[in-house]
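**Student:** Using the supplied hints, reconstruct the complex from the two chains, each of which is provided in its own coordinate frame.
Chains L and C, in that order, give the protein sequences.
Its first residue numbered 855, the first sequence is counted upward by one per residue in the numbering used here.
Its first residue numbered 13, the second sequence is counted upward by one per residue in the numbering used here.
Keep in mind that the hints were calculated from the coordinates and are not lab data.
Check each hint, because a few of them may be wrong.
Said to hold, decoys possible - In silico DSS-like links for lysine-lysine, alpha-carbon gap of 30 Å or less:
id	chain 1	residue 1	chain 2	residue 2
1	C	Lys18	L	Lys1454
2	L	Lys1390	L	Lys1344
3	L	Lys1463	C	Lys36
4	C	Lys38	L	Lys1463
5	C	Lys192	L	Lys878
6	C	Lys66	L	Lys1454
7	L	Lys1454	C	Lys38
8	C	Lys182	L	Lys1454
9	L	Lys1454	C	Lys64
10	L	Lys1463	C	Lys30
11	L	Lys1454	C	Lys36
12	C	Lys192	C	Lys30
13	C	Lys76	L	Lys1454
14	C	Lys18	L	Lys1463
15	L	Lys1341	L	Lys1272
16	C	Lys182	L	Lys878
17	L	Lys1389	L	Lys1463
18	C	Lys192	L	Lys1454
19	C	Lys38	L	Lys1390
20	L	Lys878	C	Lys30
21	C	Lys36	L	Lys878
Claimed, not checked - Calculated from the model, a selection of chain C residues having no Cβ within reach of chain L, i.e. all distances over 10 Å:
id	residue
22	Asn109
23	Asn136
24	Leu170
25	Val213
We put the beta carbon where it would ideally sit given N, CA and C, even for glycine.
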Amino acid sequence: MSTLAQKKGFGAVLWDYLTTVDHKKIAILYLIAGGFFFLLGGLEAMFIRIQLAVPNNDFVSAGLYNEILTMHGTTMIFLAAMPLIFAFMNAVMPLQIGARDVAFPFLNSLGFWLFFFGGVFLNLSWFLGGAPDAGWTSYASLSIASEGHGIDFYALGLQISGAGTLIGGINFLVTIINMRAPGMTYMRMPLFTWTTFVTSALILFAFPALTVGLFLLIFDRMFGSNFFDPAMGGNTIIWEHFFWIFGHPEVYILVLPAFGIFSEIFAIFSRKRLFGYSSMVFATVLIGFLGFMVWAHHMFTTGMGPIANAIFAVATMAIAVPTGIKIFNWLFTMWGGSITFTTPMLWAIAFIPSFVAGGVTGVMLASAAQDYQYHDSYFVVAHFHYVIVGGVVFALFAGAHLYWPKMFGTMLSEFLGKITFVLFFIGFHLTFFIQHFLGLWGMPRRIFTYLPGQGFDTSNMVSTVGAFFMAAAVIILLINVVITSVKNEKVGNDPWGDGRTLEWAIPSPPPFYNFKQLPLVRGLDAYWLEKMEGKKGMSPAEPLGDIHMPNNSFVPFVISFGLFVAAFGAMYHNEHSWGIPVLIVGMLITLGSMFVRSVKDDHGYHIHKEDLEDNNDKGVKA
Amino acid sequence: MATEQKMTYETWPASPEKQTLEAKNKFLGFWFFLGGETVLFASLFATYLALKDKVPSSDMALAKDLFEIPLAFIMTMLLLTSSLTSVYAMYHMKNFNFKKMQLWLGITVLLGLGFLGLEIYEFNHYVHEFHHSFTSSAFGSAFYTLVGFHGAHVAFGLLWITTLMIRNSKRGLSLYNAPKFYVASLYWHFIDVVWVFIFTVVYLMGMVG
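Same shape as in the complex, but just chain C (with noise of 0.2 Å):
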C-alpha cells in the first residue's frame, strides 16, 4: 500500500499503525528497544537499591527524610493521566480525527510539562534543603541517576511528540505518518510504567524505610 496516498475516513484501515512493511517493522522493533530499555531501567533500579542509605556520614539524609509523598503523589498522578490523554489520541488516530488527536496529544504534552516541572523543583528542593546532590554520596549519584534518567526519557518523549504534532499539522493522517504516531505513545506509555516502579521502589519503599 502506498504511504503516501491521501486517505478518507471510509478509507482508512483499522490498524493504520502496520499497514505497510514498513510500519510493522517500525511497530516489532520498538519493542524490542523497549525491551533493550527495560533491562536499562533494571540495571539502574538493581544500583540504586544497592547503594540506597549509603552516606559517607551519619548525619547526611536519607531516603526516609527526604521524601514527601504528597509531590511524589501528584507527579505520578500528572503523568499516569498522561499516559491516559495519549490513549484518546491513539483512539482518535483510530478514528481518523486528526484535529483530535492533536488536541489530546497537546494536552499530553502540558501533562509531561507539568512533571517535569515539579521534578526540577524537587531536585532543587533535595540539593538546597537536604544537600543532598549528585557528588554528596553514593546515595545521591543513585538516586539523580535513576530519576534523572527517567526524566530525562520524558524530556526526549516530550520533543519527539511535539516535532510530530507540528510537523504534521498541515498534512493530517496518513499510513506514513500514523506508525510515528502510534510508536510515540507507546513510548510515552514506557515511561509511565517505569514511573510507577520508581513511585514505588524510590518513594513509597523510601518512606518505610
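Chain L with its partners taken away, still in its complex shape (with noise of 0.2 Å):
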C-alpha cells in the first residue's frame, strides 16, 4: 500500500470524501461546508447593512428583513462558526497529542454528515415557501405565531445538526483521555488541545438542553402539544431557559477554541513559551464551569425579580476573572519575546484590543440594573460581535492561515493576508463600534428601518460602509485561497519554523495514519523541546509495527440522509397524507443502516510493517 498521491479521478475523489472516517478529510469537509455557510451568512449580512444604510430603506421587506435577520444569526452561529471550529479541531488535535486517529471515526464522519444534512435543510427554507424569522433565539412567544414553515425549518434543521454536535464532543473528549501518546500527560497537552477538551465537555453538557427545547417547539408547532401556549396551561418562558442555558454555553464553547488557537499563535509567533501555561489551563476550565452559571443574563428583563438577577448578574460579572487572567498571559507571552508579525500573530495582536472592548461592555450589560437599559438595543449588537467577531472570527482567520499548510500542504500568500487583515479590521471597527452609540442613543436592535432626523442617519451609513470594508477581505482570502491551490508550491514539516507542538513535527499534510511511530513526548512543547536540543524530529515511543485502521463507510452519509428525508415527513404531515409514511420511511432509512452498522463487524485492516518501511527508504515526499 503506498501513501503517495495518485492521480484519482473526480468520481473517485468524491466517494473518498462521501466514505472518508480520516479526521484530516473531514477537517477539509468541515471546513469546506462551514466556509461555504459563513459566505452565505456574510451575504445575510450585507442585505441587512445594505437596507439599514438609508432611513426609511426599501431595499428588503420588513417580512424578508425578519428573514434574513434570522438566516444570518443562526447560520454564523451554528452552520459556520461551530463547523469551522470543527474543522481546526479534527484537523489539528489529534496531531497535537499524537495520535493515529480520533476515538470513533465513524462517529466523526456521522457527526460531519448530520451537521451538513441540518444545514441544508435549515437553509432549503429560502426555497420552501420562507425562511424562519423569529430571530435567532426564535422565542416562542414569536416562533409559535409565526406563519408558514420557517420556524419548522429551524427547529428540525437544528435539531438534526445539534445531534452531529454532540457526537463530535463525545468524540473529541474520549480521543484526549484515552489517545494520548506516551508522556502526554494532561499539563503537557498544547493550550488547543485544551480548549477543545473543555468544549468538548460544554458541548456535552449543553447542547441536550437544546434538543430538549427544540423537541418541545416542535412537538408544539407540529404535533399539537402546549408547552408554550399559556390558554392550555404552557407557559413560553420554558423555551428561553432551554435555549440559554444551552446558548450561554455555546458562546463559551465558540470563543474557547479561539483562546486555543491565539494561545498557539503567541507561543509560536513569540518563540516563548505560553506565560502561565498552568493558569490558563485554570482559567479555561473555570470559564468552562462559569458558563454554566450564567444563562439568565439573557434574561433579566423578562421579570425573575432582583434575586435571580442579583445572582446572575454577580456570576457573570466573575467571569471577568478568568477570562483577565488570560488575557495578561497573552501579552506577558508577548513581552520579551521576539516577535514576528505574521498573518496569523497579527490577527491574535488585534484580537486582545477587540476582545477586550467585548468583554467591557458585557461587563457593563451584566449591571442588572443597567441592562433594561441597553437591553434589545444595538448596545447589545455591537457587544456580541465584538465578541463573537473580535474573539471567533478572528481566530478563524488566524487559524486558517497559520493550520492552512498543515492541513493542504501549501502556504497562503502572506502578501494577501495582511490585506485581508487590514481590511477586515478597519471594517469590523468601522461596523460595529458606531453600534454601541446608536444603541445608547436608542436604536432598537431587530428593526428593518427607521425614520430620518432620530439622529441614526449617519451612523448606520457609517456602519453599512464598514460592512463592506470586510465583504472585500473575505474576497480577498478567496482569490489568496486559489493562487495558493493554483500554485500548489508545498512546504515542509515546520513551514512557520518555530512550531512548537507535534503537528509540526510530521509532513505537511501528514500521511494518512498521521505518525509512523507514535512520538515519545518529554515535556510541554514537545517538538520545540526536541530542536532545542538539536534534534530533526521527535524521538519514537514504540517500535515500527503494523498500524490498525479503520475503514471508510458510507453508512454515516445514509444515516443522515434518513433523519433529512423524516424531517420533511414530519413539517408537511398536517397538510399532506404522504407526511406520515415519509417520516417513517426517512426514520427507517436511520434505524435500517443503524441495524447494517451494528450487524455488520467491521474490524478495519492493518498497514503493514514493511509497508511503512518502504515508504521510508522512498522518503515521504508527496
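**Tutor:** What follows is the structure, given as C-alpha cells:
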C-alpha cells in the first residue's frame, strides 16, 4: 500500500470524501461546508447593512428582513462558526496529542454529515415557502405564532445538526482522554487541545438542553402539544430558559477554541513558551464551569425578580476574572519575546483590544439594573459582535492562515493575508464600534428600518461602509486560496519555522496514519524541546509495527440522509397525507442503516510494517 | 490484542469489556453519552415540574386524580428486576458463560417488554378514562413527553439487546462483542435509574399533590 498520492478521477475523490473516516479529510469537509455557510451568512449580513444604510429604505421588505436577520444569526453560529472550529479541532487536535485518529472515526464522519444535512435542510427554507423569522433565539411567544414553515425548518434543521455536534463533542473528549501519545500528560497538552477538551465537555452538557427545547418546539408546532401555549396551561419562558442554558455555554463553546488558537499563535510567533501555562489551563476550566452558571443574564428583563437577577449578575461578572487572567498571560507571552508579525500573529494582536472591548461591554450588560437600558438595543448587537467577531472570527482567520499548510501542504500568501487582515480589521471596527452609540442613542435591535432625523442616519451609513470593507477582505482571502491552490508550492513539516507542538513534527499534510511511530513526549511544547536539543524530529516511543486503521464507510451519510427525509415528513404531515409515511420511511432509513452498521462486523485493516519501511526508503515527499 | 481471536475460559481476561483501545473508547464514550442523556432527562423533568397540573379548565384531571400506586409499583418492580437480571448476564459474560448470559439477557428483555406493555396500557387508560392526552393540556404534553421519552428509551434498549443476542447467538463471546454487551447493559441500568426518578417525581409526588 502506497501513501503516495495517485491520480484519481473526480468520482473517486468524491466517493473518498463521502465515505472517509480520516479526521484530516473530515476537517477539510468541515472547512468547506462551514466556509460556504460563512459566505452565506456574510451575504445575509450585507443585505442587512444595505437595508439599514439609509432611513426608510425599501431594499428588502419588513418580512424578508426578519427572515434574513434570523438566518444570518442562525447560520453564523450553528453552520459557520461551529463547523469551522470543528474543522480546526479535527485537523489539529489528534496531531497535537500524537494520536493516529480520533477515538470514533465512524462517529466523526456521522457528526459531519448530520451537521451538513441539518444545515442544508435549514437553508432549503428559502426555496420552500420562507425562512424562519423569529430571530436566532426563536423565542416561543414569537415562534409559535409565526406562520408558514420557517420555524419548522429552524427546529428540525437545528435538531439534526445539533445531534452531529453532540457526537463530535463526545468523540473529542474520549480521544483526548484515551489516545494521548506516551508522555503526553494532561499538563503537557497544548492549549488548543485543552480548550478543545473543555469545549467538548460544554457541548456534552449544553446541547441536550437545546435538544429538549427544540423537541418541545417541534411538538408544539407540528404535533399539537401545548408547552408554550398559555391558554392551555403552557409557559413560553420555558423555551427562553432552555435556549439560554444551551445558548450561553454555546458562547464559550465558540470562544474557548478561539482562545486556544491564539494561545498557540502567541507562543509560536513570540518564540516563547506560553506565559502562565497552568493558569491558562485553570482559567479555561473555570470559564467552562462558570459558563453554565450565567444563562439567565440574557433574561434580566423577563421579570425573574431582583434575587435571581443579582445572582446571575454577580456570576456573570465573575467570568471576567479568568478571562482577564488569559489576556494578561497573552500579553506576558509577547513580553520580551522575539515577535514576528506574520498574518496569524497580526490577527492575534488585533484580537486582544477588540475582545477586551467586547468583554468590557459584557460587564456593563451584566449589571442587571443597567441592562434594562441596554436590552434589545444596538448596544447589545455591538457587544456580541465584538466578542464573536473580535474573538471567534478573528481566530478562524488566524487559524486558517496558521494551519493551512498543515491541512493542505501549501502556504497562503502572506502579502494577501495581511491585506485581508487590514481590510477586515478596519471594516470590523467601522461597522460595530458606532453601534454601541446607536444603541445608547436608542436604536432598537432587529428593526428593519428607521425614520430620518432621529440621529441614526450618519452612523448607520458608517456602519454599512464598514461592512463592505469586511466583504472585500473575505473576497481577498478567497482569491488568496485560489492563487495558493493553483501555485501548489509544497512546504515541509514546519513551514513557520517556529512550530512548538507535535503537529509540526510530521509532514504537511500528514500521511493518513499520522505517525509512523508514536512520538515520545518529554514535556510541554514537545517538538520545540527536541529542536532546542538539536534533533530533527521526535524520538519514537515504540518500535515500527503494524498500524490498525478503520475502514471507510458510506453508512454515516445514509443515517444522516434518513433524518433529513424524516424531517420533511414531520414538517408536512399536517397538510399532506404523505407526511407520516415519509417520516416513517426516513426513520427506517436511519434505523436500518444503524442496524446494518451493528450487525456487520467491521474490524478495520492493518498497514503492515514492511509497507511503512518501504516508504521510509523512498522518503515521503508527496 | 486481536479482537477476532478465539477465546477460552482460561484466556478470557478479568475485564473483557475494556481489553482493546476500541473497547476502552467505547466504554468511556458511552459514559459520556449517559452524561448527556442525564441533562436531557433533567430538562424533561424540569419541564414536567413547571407544567405539572397546568390545565386549561378546572374540570380536567390532575396528577392526584390520575396516578395509582399499584400499577406504577408493578412497573417499577419489573424494571428494577430487569436491571438485576442484566447484572446476572454481565456476571456470566465476565465468566465466559455465553449460554447463561444469553438466558439472563432474554429474561431482561421479557421483563422490559412487560414494563412496556403496562406503560401502553397505562397511557391508553389515561386517554380513554380521563381524557388526559398529549394535546389536551400543557400538563398532558409534559407528562407524555417525559414518560414517553423514557418509554422510547426502553423500546430502543429492547431492540438493541435483542439485536445483539441474535447477531452473536452462533458466534459466542469475543473481545470484539464483549464491550457491546457491556455497554448495552450500562444503558439498561441508566434507563432504570431514570425510571426511579420518574416513579418518585411523577407518581409518588403526584399522589401527595
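**Student:** Now, for every hint given, state plainly whether the structure supports it.
**Tutor:** Hints, one by one, checked against the model:
1. C:Lys18 with L:Lys1454: Given pair Lys18 of chain C, Lys1454 of chain L holds - Cα atoms ~18 Å apart, limit 30 Å.
2. L:Lys1390 with L:Lys1344: holds (19 Å)
3. L:Lys1463 with C:Lys36: holds (25 Å)
4. C:Lys38 with L:Lys1463: Distance of about 27 Å is within 30 Å: holds.
5. C:Lys192 with L:Lys878: Satisfied, since the Cα-Cα distance of roughly 28 Å is no more than 30 Å.
6. C:Lys66 with L:Lys1454: At roughly 48 Å apart (the allowed maximum being 30 Å), Lys1454 of chain L and Lys66 of chain C break the hint.
7. L:Lys1454 with C:Lys38: holds (17 Å)
8. C:Lys182 with L:Lys1454: holds (14 Å)
9. L:Lys1454 with C:Lys64: violated (45 Å)
10. L:Lys1463 with C:Lys30: holds (26 Å)
11. L:Lys1454 with C:Lys36: holds (20 Å)
12. C:Lys192 with C:Lys30: Status holds; Cα separation ~10 Å.
13. C:Lys76 with L:Lys1454: violated (49 Å)
14. C:Lys18 with L:Lys1463: Satisfied, since the Cα-Cα distance of roughly 24 Å is no more than 30 Å.
15. L:Lys1341 with L:Lys1272: holds (19 Å)
16. C:Lys182 with L:Lys878: violated (38 Å)
17. L:Lys1389 with L:Lys1463: Cα-Cα ~25 Å, so holds.
18. C:Lys192 with L:Lys1454: holds (13 Å)
19. C:Lys38 with L:Lys1390: violated (36 Å)
20. L:Lys878 with C:Lys30: holds (27 Å)
21. C:Lys36 with L:Lys878: Since the Cα atoms of Lys36 of chain C and Lys878 of chain L sit roughly 23 Å apart, the hinted pair holds (cutoff 30 Å).
22. Asn109: Per Cβ check, Asn109 of chain C is outside 10 Å of chain L; nearest 22 Å; holds.
23. Asn136: holds (18 Å)
24. Leu170: Its Cβ never comes within 10 Å of chain L, the nearest being 13 Å, so this holds.
25. Val213: holds (16 Å)
Violated hints for the displayed structure, listed by number in ascending order: 6, 9, 13, 16, 19.
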